[in-house]
Structure formats: structure tokens, C-alpha cells
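Protein chains: 2
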Amino acid sequence: MNVAIVGASGAVGQEFIKVLQQVDFPVDNLKLFGSARSAGRKYAFRGNDYTVEELCDNDAFKGIDVAFVSAGGDTSKRFAEVITRHGAVMIDNSSAFRMDADVPLVVPEVNGDDALNAPRRIIANPNCTTIQMVVALAPINRLSEIKRVHVATYQAASGAGAAAMDELVDQARALSAGEQPKVERFAYQLAYNVIPHIDVFQDNDYTKEEMKMYYETRKIMHLPSIEVSATCVRVPVLRAHSEAIWVETAEPVSVEAAREAFSSAPGVVLIDNPAEKQYPMPLFAADCDPVYVGRVRRDISNERGLTFWAVSDQIRKGAALNAVQIAQYMLDKGCFRH
Amino acid sequence: MNVAIVGASGAVGQEFIKVLQQVDFPVDNLKLFGSARSAGRKYAFRGNDYTVEELCDNDAFKGIDVAFVSAGGDTSKRFAEVITRHGAVMIDNSSAFRMDADVPLVVPEVNGDDALNAPRRIIANPNCTTIQMVVALAPINRLSEIKRVHVATYQAASGAGAAAMDELVDQARALSAGEQPKVERFAYQLAYNVIPHIDVFQDNDYTKEEMKMYYETRKIMHLPSIEVSATCVRVPVLRAHSEAIWVETAEPVSVEAAREAFSSAPGVVLIDNPAEKQYPMPLFAADCDPVYVGRVRRDISNERGLTFWAVSDQIRKGAALNAVQIAQYMLDKGCFRH
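Protein chains in written order, with my numbering: chain A, 313 to 650; chain B, 313 to 650.
Mixed in with the good hints there might be a few duds.
No copy is singled out in the list; a pair is fine if it fits within one copy or between any two copies.
[Stated by the list, open to error] Derived DSSO-like pairs (lysine-lysine); straight-line CA-CA distance at most 30 Å: (1) Lys-389 / Lys-589; (2) Lys-520 / Lys-589; (3) Lys-520 / Lys-494; (4) Lys-494 / Lys-589; (5) Lys-459 / Lys-520; (6) Lys-389 / Lys-330; (7) Lys-374 / Lys-645; (8) Lys-494 / Lys-389; (9) Lys-389 / Lys-354; (10) Lys-330 / Lys-645; (11) Lys-494 / Lys-343; (12) Lys-354 / Lys-343; (13) Lys-520 / Lys-343.
Worth flagging that the hints you see were computed from the coordinates, not collected in a lab.
So that you can see chain A by itself, here it is in the shape it has in the complex (with noise of 0.2 Å):
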């Protein structure tokens, strides 16, 4: 398989070059593209150096199978037929084609299938908060339908970038110090803060990272009228969203069915042994695979209800991973040339 990573300097493409490294994915030739500032930086790849080309208007993607992109929705707009146009699937983390009709939209633990039909060779990547919640919301919904979900979201610095990441860690310092933190890549100081603002607000008052959990989920989960109410907040955690997630089902299910369903759902590991103080947490799920599942129990408000807490390290599944498993997917189901 020839590969192409594009946006190879940001967080999520340094994981892409990590994930390709450890995951069973056959690479025979790999391209590094970036912006002219990223183009000449080199990067390791299963012992050898690659240097990154700044992406450009030409035919540089000739031979590429596969394209793994982000480098953010502009980006992507601006060089998808560049990308597609020598036969290339592009598959896209940023939400530039997300909702577009001819696009898939795909988590391959719940519908892998979708990523078999891409007419303009563009599959698209959900939104990590997303992809987190229906790898959760898939082995429940296989028991009885999901119809509605209320989620609240315990959101990672990693979400916003590596120097997100960096800004929060240097305001803990900085406070320690008695110094200013420095305030930039949040609206507000995020160190010993939570903020309820992820991404534009829009007309309702729900922000676009809110809106992304209700219109991504109905189309991954083909649920056209599965009801999603989020509230998405960043809290002062370097990698690993949590999400608190309520669902209410055309049937009742029981806690025991739950827990069986999710102890063998594929993408799922299930810790779930209060007892014992085991449950999922950010700081254990950094730069793991699953969607860790916990604290599964009734809704005591409501018959048709279950509550339960799911934590996955928002780079690694919720971008870089995933993106890598739909290739993967459509590998074994004979859609390259290669």
C-alpha cells in the first residue's frame, strides 16, 4: 500500500505516522505532505526518515492508495480533487464533508459498510467526541433501538492541539509560581477551570461541537431520528475525553444485558467493578485503543434508561486510530488496488 499522511507535523498526523507503525497496516511507500512552514521537516517511520513536502497543485498523489488528511477543513476543501484525482481514497479528519450526502461517514465498529460506497473516493472521520460515544452506543443499540441520548462530555487540552496541551501544563506551572498564566488556545484559563464552550456557538445555543454529536451520531448509526442533547465541556485533562451518556431505548434493557453486550463489542473494554474502585478514567486511557466503559447502571429515572461513562483517548480513536481502521476495513474487503 502507498500512503500519504497530510498535515504530517500536527498532533493528529504524528499520531497517524505512530498508529501506521504499530498497527498490522502494510506500508510499502509513505509520503509526508504540510504547509509550506512543515515542508523539510524529517520524521522516522519504521527506521527510515521521510521528509515532508509542502502540498501543492500537482500530481504528487499519482500512486497513492490511500490518504490519511488533517490538516483541518480548509485544507481539505481546497485539495480534495487533488488528492482523489489519480485514483487516491482520501480519508478525512477534518468536518469539511461530514454531512455531505456522497460521503461516508464511518466508524468501523458500527458501520464499516458505508466506507465500501465512496463515490468521490472522500470517507470522512467523525468528530472524536463522536466516534467515542457510538462505539458505546452501538452494542446497546443492537439490543433495542436507542432513541434518545443526553451526554455530557469531560473534554481533553489534546482536543484543541499539542500546544493546547503544552499551554495547559505551563498554566499549572505558571500558577505554582505565583506567575500570569498564559491564556491563548482556550477562551478562558483552562488550569483548575472547566469550560462549557467547545467550538462556534450556533443559532440554538448549542455550540457546533454539540450539534456535531447529534447530526454525526443519526448518520453513523443510520438513526434518522435518534434525539442526541449534548453538553460538550473542555476540563483541565491533557489526553482522553469522558463522556456521562444517558440512553433510553424503544425496550427496556438491563443492566446485565448491557454489561454482556459491552464486554463483547468490538472497540470496547468494559471496567466495571465499583467494588474495587475500577471504572474508566482519562489519566489510564492516554494513547490506548478501546472506548473504556464504566459505571453502567439503570437510569432510576426512567424504565427505558441506562447510564453508563465511557473515556477514550480522543487522538488516538477518536482520529488517528479510526481513520487508520476504515482503511483497514476497506483493505480487507479487497478495495485497493494493492
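Please arrange chain B on chain A, whose structure you already have, making use of the hints.
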């Protein structure tokens, strides 16, 4: 008024001293009580020094009108008779008596009159997470009865006492310095982490903290069938709890009506201007009295639903301030002999 503070050296006890100096509450005489360990310590109040006396089975509460008690449930149970035997009213911050039928559980903005009927001369101060939630629920409930609540909390370290705040700051410092952080006050490292576990687990796999929000809300709001499902989470914040709340009302309530109700509700300050990035946050709520409400919007999953975000300093309104407000309410109603 002759006032006693029991547990004067603790985080809440210290806050009692502060609040009593700040609010308009007449203190003619003040007595401070504590354990043998803290007996002898001196604290300043309105220009005079007061020495902590050891809490014993004696007549030290003779002449006291009101005792603010925050020394843990066991101490409250053990000394309730000693404190009240000569006629003092005991306003108890522990969970020892909260669900007793003959002990009112009071948030003055919601059910102040309940304090006027306290046959045992004991009045219970609710759990901090419940206090700030019911202050925010009450104005909506006056528009249409609330049937169901989903709430996810973001609780500060200070909920576990002053030493827990120090531990969080020291963990951040240790991690900055490349040292191993000390973990004593919480089950796990709290810096750069969130912990979905506050107080002990119950048979239904909810924590005691989560079930307090269920039972105490019913009692305070006089709504014996309101359903509350809570997920309580500790976050690396020093002071002030945040809550993402969804309510379902008997009849639909518009966002405009809800905003108006919050604006005019006692104890509530509405901060809700997303376009200007104005919403409540714990960083700015520390050491403040109100329950701040913002992010008010429709629950897009439920036509009879609303969702909003509430932040309050849980040592003030969640503990010391609420208790003093109970005493103020009773004083205004002529409950005290002086």
C-alpha cells in the same frame, strides 16, 4: 444572637467565620468548638480573638441561640443532644439527619418555611451538589412542575476539604518537576484526571453522592416523585462545582420564560451570553455567593425539556452560606429568643 460554630478549624468552619463577618447577621457572642486536637486554637472575628473549646458532654451550649455544626456525621449524631438540650437550634452540615422525617432539610430560596417546624431543634443543611441544583431548579419548577432530571457534575477538590485542595496543587507541582505525585485524599491522582466516583457506592451502583441528589431533591422541593439520575465526577478544580442539567417539565417551558425566571430568582445570577463568551465557570465563581446559571437552551431531544449549566462555590452556598441563610430566615420570622 449567641452563636456557636462546631468544627471551627475545618474548611467549612473557617467559612462560617468568614460568612458571619460578611453578611448582615447579628452576633452578640461567639463560641468556637472543635476536637481535642484543635482545642486552644485562636481565630479572629470582628476584631476579637476567639479560642476553640473542646466539644464535650457538658453545658457549654447554655445560652446559645444557634449552632452551626460541621464536624462530620458521627460528631453531629453524638453531640446533637448536648448542643440542643438548652434550646439552641442546631443547623447541621452533615448528612446525619437529612432524611429524618422530623428534621427539615432547607434551602431558604426553595423551602425556607420548612425551617419553622423543627421539633428536634435540628435543621439539616443539604449536600452541596443538591443545594446548587435545587436553587436552579426552583424557578423552572414554578413555571411547570419538573418531572425528571439528568445531571452530570464537575466537582471541585474542595468538596473533600482543605487538604484535598492542597494535594491537587501539589500534584500539579510534582508533575511539573518530574516527581511522582502524592495520592492520599482521592482514590486516584486528580491532577490532569477526572474521577467518576464521589462518596461510597450503593447497591444500585450509584454512589451515595449521586443518591443524595435523588433523595434530597425530593424532600427539599416537596416533589415526592421527581426522578433524578446523577453522575458525580471529581475534576481538577480547586473551588466551585459545575453541573450540566437537563430537566423535563409537565408542560413545555420556553427558553425565554426560563431565562426570565432565572433572572428574577432569588440566589440565582444568570450569565448567558454565548456570543460574548459569557457563561458560568468555576474559576470566577470561587468565593462568590450566587448560583450562576447559563447555557440555557432547549433540550433538543425532548419537547418538554430544557438544559442549562449551573456553577456555585460549594463551600459558600453549598455549605456555610446556606446554613447562615437558614438562620437569617428563622431570625426574620422571629424564631429566636433574642
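Taking the hints in turn, this is what the structure says about them:
Proximity of Lys-389 and Lys-589 under a CA criterion of 30 Å is satisfied inter-copy only: 29 Å between copies versus 46 Å inside one chain copy. Proximity of Lys-520 and Lys-589 under a CA criterion of 30 Å is satisfied inter-copy only: 14 Å between copies versus 35 Å inside one chain copy. Proximity of Lys-520 to Lys-494 under the C-alpha cut-off of 30 Å is restricted to the intra-copy arrangement: shortest distance 26 Å within a copy versus 38 Å between copies. Proximity of Lys-494 to Lys-589 under the C-alpha cut-off of 30 Å is restricted to the inter-copy arrangement: shortest distance 18 Å between copies versus 36 Å within a copy.
In this assembly of identical chains, the alpha carbons of Lys-459 and Lys-520 lie at most 30 Å apart whether taken from the same copy (22 Å) or from different copies (29 Å). In this assembly of identical chains, the alpha carbons of Lys-389 and Lys-330 lie at most 30 Å apart only when taken from the same copy (25 Å versus 58 Å across copies). In this assembly of identical chains, Lys-374 and Lys-645 lie within 30 Å of each other by CA distance solely inside one copy; the values are 22 Å within and 84 Å between copies. For the identical chains of this complex, Lys-494 and Lys-389 are neighbours neither inside a copy (33 Å) nor across copies (48 Å), given an alpha-carbon limit of 30 Å.
With identical chains, the CA atoms of Lys-389 and Lys-354 are at most 30 Å apart within one copy only, with a shortest distance of 26 Å there and 68 Å across copies. In this homomeric assembly, Lys-330 and Lys-645 come within 30 Å of each other (Cα to Cα) only inside a single copy, at 24 Å, whereas the closest approach across copies is 69 Å. In this homomeric assembly, Lys-494 and Lys-343 never come within 30 Å of each other (Cα to Cα): the closest approach is 36 Å inside a single copy and 45 Å across copies. Within a single copy, Lys-354 and Lys-343 get their C-alpha atoms as close as 11 Å, which meets the 30 Å cut-off; across copies the closest is 71 Å, which misses it.
For a Cα distance limit of 30 Å, the shortest separation of Lys-520 from Lys-343 qualifies neither inside one copy, at 33 Å, nor across copies, at 54 Å.
Hint compliance for this structure: hints 8, 11, 13 are broken, all remaining hints hold.
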